[in-house]
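Residue numbers (UniProt numbering), protein chains in the order written: chain U, 1 to 209; chain P, 1 to 209.
It is possible that some hints are incorrect.
[Claimed, not checked] Below, a list of computed lysine to any residue pairs in the SDA-like style, where the Cα atoms sit at most 25 Å apart:
hint, chain 1, residue 1, chain 2, residue 2
1, P, K182, U, R51
2, U, K182, P, T70
3, P, K182, U, H179
4, P, K182, U, T120
5, P, K182, U, G52
6, U, K182, P, K55
7, P, K182, U, E80
8, P, K182, U, L157
9, P, K47, U, L157
10, P, K47, P, R141
11, U, K182, P, A136
12, P, K182, P, A199
13, U, K182, P, T28
14, P, K182, U, I81
15, P, K55, P, T28
16, U, K182, P, E161
17, P, K182, U, E42
18, U, K182, P, L162
19, P, K47, U, E42
20, U, K182, P, A144
Source of the hints: derived by calculation from the structure; they are not laboratory data.
All of these numbers come straight from a predicted model, not from anything done at the bench.
There are 2 protein chains.
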Amino acid sequence: MTGPAGTGPVRRGRGRPSRTETAAAPATRDRILEAAREEFSERGYEKTSVRGIAKAAGVDSALVHHYFGTKEQVFESAIEIVFAPALNAPETIAQGPREGVGERLARFFLGVWENPTTRTPLLAILRSAVNNETAAAVFRRLIATQLLRRISGQLDLPDAELRAELAAAQMVGVALLRHVIKVEPIASADLEELVARLAPVVQGHLTRP
Amino acid sequence: MTGPAGTGPVRRGRGRPSRTETAAAPATRDRILEAAREEFSERGYEKTSVRGIAKAAGVDSALVHHYFGTKEQVFESAIEIVFAPALNAPETIAQGPREGVGERLARFFLGVWENPTTRTPLLAILRSAVNNETAAAVFRRLIATQLLRRISGQLDLPDAELRAELAAAQMVGVALLRHVIKVEPIASADLEELVARLAPVVQGHLTRP
Numbered sequence: 001m002t003g004p005a006g007t008g009p010v011r012r013g014r015g016r017p018s019r020t021e022t023a024a025a026p027a028t029r030d031r032i033l034e035a036a037r038e039e040f041s042e043r044g045y046e047k048t049s050v051r052g053i054a055k056a057a058g059v060d061s062a063l064v065h066h067y068f069g070t071k072e073q074v075f076e077s078a079i080e081i082v083f084a085p086a087l088n089a090p091e092t093i094a095q096g097p098r099e100g101v102g103e104r105l106a107r108f109f110l111g112v113w114e115n116p117t118t119r120t121p122l123l124a125i126l127r128s129a130v131n132n133e134t135a136a137a138v139f140r141r142l143i144a145t146q147l148l149r150r151i152s153g154q155l156d157l158p159d160a161e162l163r164a165e166l167a168a169a170q171m172v173g174v175a176l177l178r179h180v181i182k183v184e185p186i187a188s189a190d191l192e193e194l195v196a197r198l199a200p201v202v203q204g205h206l207t208r209p
Numbered sequence: 001m002t003g004p005a006g007t008g009p010v011r012r013g014r015g016r017p018s019r020t021e022t023a024a025a026p027a028t029r030d031r032i033l034e035a036a037r038e039e040f041s042e043r044g045y046e047k048t049s050v051r052g053i054a055k056a057a058g059v060d061s062a063l064v065h066h067y068f069g070t071k072e073q074v075f076e077s078a079i080e081i082v083f084a085p086a087l088n089a090p091e092t093i094a095q096g097p098r099e100g101v102g103e104r105l106a107r108f109f110l111g112v113w114e115n116p117t118t119r120t121p122l123l124a125i126l127r128s129a130v131n132n133e134t135a136a137a138v139f140r141r142l143i144a145t146q147l148l149r150r151i152s153g154q155l156d157l158p159d160a161e162l163r164a165e166l167a168a169a170q171m172v173g174v175a176l177l178r179h180v181i182k183v184e185p186i187a188s189a190d191l192e193e194l195v196a197r198l199a200p201v202v203q204g205h206l207t208r209p
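Model the full structure from these sequences, guided by the hints.
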């Protein structure tokens, strides 16, 4: 969901700013979203407040409400951006030979978690959704309306959505043990070794007849 | 710890409890642990207090401290019991034919999550460990000292611990999406279908050369 080129994503909801405001605001809006991702990832959904996000971004709380609406809407906007590369990725990933899709997907997914910058919003989603039903509902909605619909459009197999979720479960489980719980030996395992071990599993879930 | 049973509620006196007091304790201890699991699973580690656990169990906070020590120690005792069946399970599971170990393990693990009674302590661990480093450390310690050592003793393959964790990652990921995030279609998928889809994955992680 993107707006006119250069204005960044258009926000839904009551606090939606006018075109003019949107055009002027990108730096502030980005700063607020950045602060929101930091806050949500460190504290989880419940303990994060719009006030805290505003403070971290160096703006007034009213401005956060003005651009994004409620805390739930701030959360949705903050994590939506994480889905942008993920949404484009399946198309790129699906373009290569079918038998390599498992490896490409495993490499992409684990790579996103290796990088601290891209890991932050993922941690925000995971920590929040595990502990708060509102955050879980936002996460479910994004998965259902955006990710699964695309994936099932690309996999012409029965149960494409379930297949995609089982593959995701394997990768999310690895991310959880490696980056959140940090249990050894998976926490220190070589990335290439993990990709090699996950590739056939992801491939199997997605393409096994 | 033996003695006449049924001496009524134990009250903390000065110092250690007498023989008689200790004898009455198992029921109270169990009630405290039960309350602790409920509290930790609903609120997560950080928001759970010894005071809240005591209140839920209908005892004084001092008694909780007396039996279990700090909040961290209460948490460890509360979740340790979850590992008891899990620790015995691998032995039973490993006893059948090697080629069926993936299915037996997948069925056991998913089954534990299907039952609300056994799901509660697992949710307590997951919610707490995802959001709190102390809880994560307790979880890591239990995994490392108890679960992995046993599993690697049974799998005579290189990287037995990493293999076990990759299999666990697949199953934990499914539990997360199905029972915590509750995303469809995996949330409503038939248990037998999930077992059938996970069995070859778990089998592959554990036994693929």
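Does K182(U) pair with A144(P) here, judged by a C-alpha cut-off of 25 Å?
Holds: K182(U) and A144(P) sit about 11 Å apart, inside 25 Å.
Verify the proposed pairing of K182(P) with R51(U), using a straight-line Cα cut of 25 Å.
violated (30 Å)
Are K182(P) and E80(U) close enough, with their CA atoms no more than 25 Å apart?
holds (19 Å)
Does I81(U) sit within 25 Å of K182(P), going by the straight-line distance between their CA atoms?
holds (22 Å)
Is the hinted pair K55(P) and T28(P) satisfied, with a Cα-Cα distance of at most 25 Å?
holds (13 Å)
Are the Cα atoms of K182(U) and E161(P) separated by 25 Å or less?
The hint holds at about 14 Å.
Take the C-alpha atoms of K47(P) and L157(U), compute the straight-line distance between them, and say whether it is at most 25 Å.
Violated, because 44 Å separates the two Cα atoms, which is more than 25 Å.
Does the structure keep K182(P) and T120(U) at a Cα separation of 25 Å or less?
Answer holds: K182(P) to T120(U) is near 22 Å, not above 25 Å.
Do the alpha carbons of K182(U) and T28(P) lie within 25 Å of each other, as the hint requires?
It is violated: about 34 Å lies between the C-alpha atoms, which goes past 25 Å.
So if I understand the rule, the pair passes when the alpha-carbon distance is 25 Å or less; does K182(P) with H179(U) pass?
It holds: about 22 Å lies between the C-alpha atoms, which stays within 25 Å.
Satisfaction of hint between R141(P) and K47(P), Cα-Cα up to 25 Å:
Holds, because 22 Å separates the two Cα atoms, which is no more than 25 Å.
Would the hint linking K47(P) and E42(U) be met if the CA-CA limit is 25 Å?
With Cα atoms ~15 Å apart, K47(P) and E42(U) stay inside 25 Å; holds.
Hints 1, 5, 6, 9, 13, counting from the list given before, are not met by this structure.
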